[in-house]
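> Read top to bottom, the protein sequences are chains A and B. Per the numbering used here, the first sequence starts with residue 968, numbered consecutively. Per the numbering used here, the second sequence starts with residue 3, numbered consecutively.
One should not assume that every hint holds.
[Stated by the list, open to error] In silico DSS-like cross-links for lysine-lysine, where the CA-CA straight-line distance does not exceed 27 Å:
no. : chain 1 : residue 1 : chain 2 : residue 2
1   : B       : Lys7      : B       : Lys320
2   : A       : Lys981    : B       : Lys320
3   : B       : Lys48     : A       : Lys1000
4   : A       : Lys1044   : A       : Lys998
5   : A       : Lys1002   : B       : Lys85
6   : A       : Lys1000   : B       : Lys86
7   : B       : Lys86     : A       : Lys998
No lab work stands behind these hints, which were simulated from the structure alone.
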Amino acid sequence: MSNNIIIRVKILNKIGLHARPAARFSETCRKFKSKIIVKKNGQQANGKSLLDILKLNVVQGDEIEIEIIGEDAESAKNAILEIIDKINNGEIQ
Amino acid sequence: MLQLKGTVISPGISLGKAFILKEDNKASERTKYTIEDFYSARNVVKNFISTLMSSLEIQAAVRDILDVQLSILDDPELEDQVKKLLDNGVDLINAIHTAFDYYVNALANTSEYLRERVIDIRGIEDLLIRALRNNLVINIPTSNEDIILIAKELDPIRTIMIITTQNIKGIILEQGGATSHTAILLRSRGIPAIFNVRGIFDAVKNNDYIILDAYRNVIYVNPDNETISKYFNIINIINNINEEILKEIGREGLDINYPIRIMANVNNIADLELALHYNANGVGLLRTEFLFFNRSYPPSEDEQFNVYRQYFSRFEPKTIIIRLLDIGGEKIPPYLRVPSERNPQLGLRGIRLLLRNARDILISQIRAIVRAAREVKNTIVILIPMVSFVNEVLEVKKILNNIIGDDESLVTRIKLGAMVETPSAVLQSDVLAEHVDLLSIGTNDLTQYILAVDRESSTVNDMYSQFSPAALRAIDIVVKNAKKIKKDIEIDVCGELASEPLAVPLLIGLGVDAISVEPPNLPIIYYVLKRLNINEARELSYKALNLSNPDEVIELVKNFFIKKNIKVPQVIGEFV
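Chain A extracted, bound-state conformation (with noise of 0.2 Å):
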């Protein structure tokens, strides 16, 4: 069975998804089966993929949508979701 969610969130911290945010946004992707991209602005990248993430060029303030799809998207969603709120929060630096 086959899922597909799509979240939408602001990222907040002070260098955006840059460096080792970038780095453990896609790393968390990584571990899961289902294909996740992002998106801002038309332009999209693979979630797992750093140096794709790093090319949308996300910045504070920036509001992404992150589309999940295949089976283990809803445990995906938990995860990122989770990562994200660690990286606005300032937790990853």
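Start from chain A and add chain B according to the hints.
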């Protein structure tokens, strides 16, 4: 004896022989590599980085850098691209280059921040190729001689390899970014470094003797004996102080709480990073001239806005004192109309020039600063240069108030300051104080005008000294007059005197609120500050005010330092 300069990235002094790190030849190879070779190279690099991480007494900053690089290594998109290229008949080395090129080009077109991360990504690419060729380790001469390493660019991993080599005492790069991870690494390890040294490869060959003075931003190539012995004399003092400071306050910066605030002079992004590294209390003088020189038309308001915002936010939420364009004298950009004058030092310069011949620039600059201030949380002080009439302050204030309007949140966060660098500003400091929130005493020009001595003059420049009792009296007058009228007015000192260790007790004693220091000098100023108490400083400055000439002032402070066992380089003027 050849001298070169660049951008000071990590302050310090080192002496040694030049070793030039050669770029690898990236020509493609005939050897047939498969995707399996890619995977095994990846594993080799992974192990290599992990070993590096465990072998170093590693700081958080370094760990973070390696951490991100490990993540790049495992990137699935990168792997995909390499695979596809291999399937299409491209050889592995070229496939790796092409895949990395794709991302590097994409990132280079985004932000300044990402552009400087490109070198990290190139570093991984470089390591992968080296791993394929069984050539991972850099061969650095392992003699006992001290070495100054010279390269075009350096990625963080190679930097780590290099700085763990005992005999590498300093780094010179032809390029290199001030906010790059390489810069952060060198600063945090206290390895002297100067970047952006143009012409270094023409000037230096292997085994040349080099003095790297990353305090004063000078590189000497094959210096004469006199210069070498001068440096031999001071290098021990400097290094001992640095050791002591590092012991006291750690390598990661400082956490201080002194009677006066220690701020930093900032000319460019490298200064800002250094000020941040040393945990300065704010930017005491952000010079904006760098935005206006070397171009045929002035920067637009938008361009200025972007730069100011970048500087402000990097130092959030600390105070930034930003000086309006201060041009005059000899160097004038072509778009500014200034007739040649018989005595430019007393002519159209600083705020005079802005108000009379460049009002459009003045207004666009203030607008850009206010816009940038709106986006950040810092307190921003707009500093007016070369004030000699109270009216000049009132005119700028009117322009500023018009631009701010009735935006309540900005009224409290944007302040106005006047430079005190003319005798008239000293004598009218009480009147000026009524109209501004801050007075910043610029000792370089003030000394010249008080003493009526041109420091460039070959006949009288020896008479120029910022330790002149007359110049110190000017500071005393400003503090007393201004505070009488407005108790909470802030009085700062910028200019060379503020970066001079011997001046620290005098300035504290005279009752200034803050000093603004050249970033490489921050540690030595902290070092002196930690050893002073306010009452001794007051007594000392009172004595200094009543001496006859500069030499006596210097002698007074030197003896005081000896008594207190405060060790600073005793080469006054040599080491500002």
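> Look at each hint and say if it fits the structure.
Checked hints:
1. B/Lys7 x B/Lys320: Between B/Lys7 and B/Lys320 the Cα gap is close to 30 Å, so the pair fails against 27 Å, i.e. violated.
2. A/Lys981 x B/Lys320: holds, 15 Å
3. B/Lys48 x A/Lys1000: Distance of about 23 Å is within 27 Å: holds.
4. A/Lys1044 x A/Lys998: holds, 12 Å
5. A/Lys1002 x B/Lys85: holds, 19 Å
6. A/Lys1000 x B/Lys86: holds, 21 Å
7. B/Lys86 x A/Lys998: holds, 23 Å
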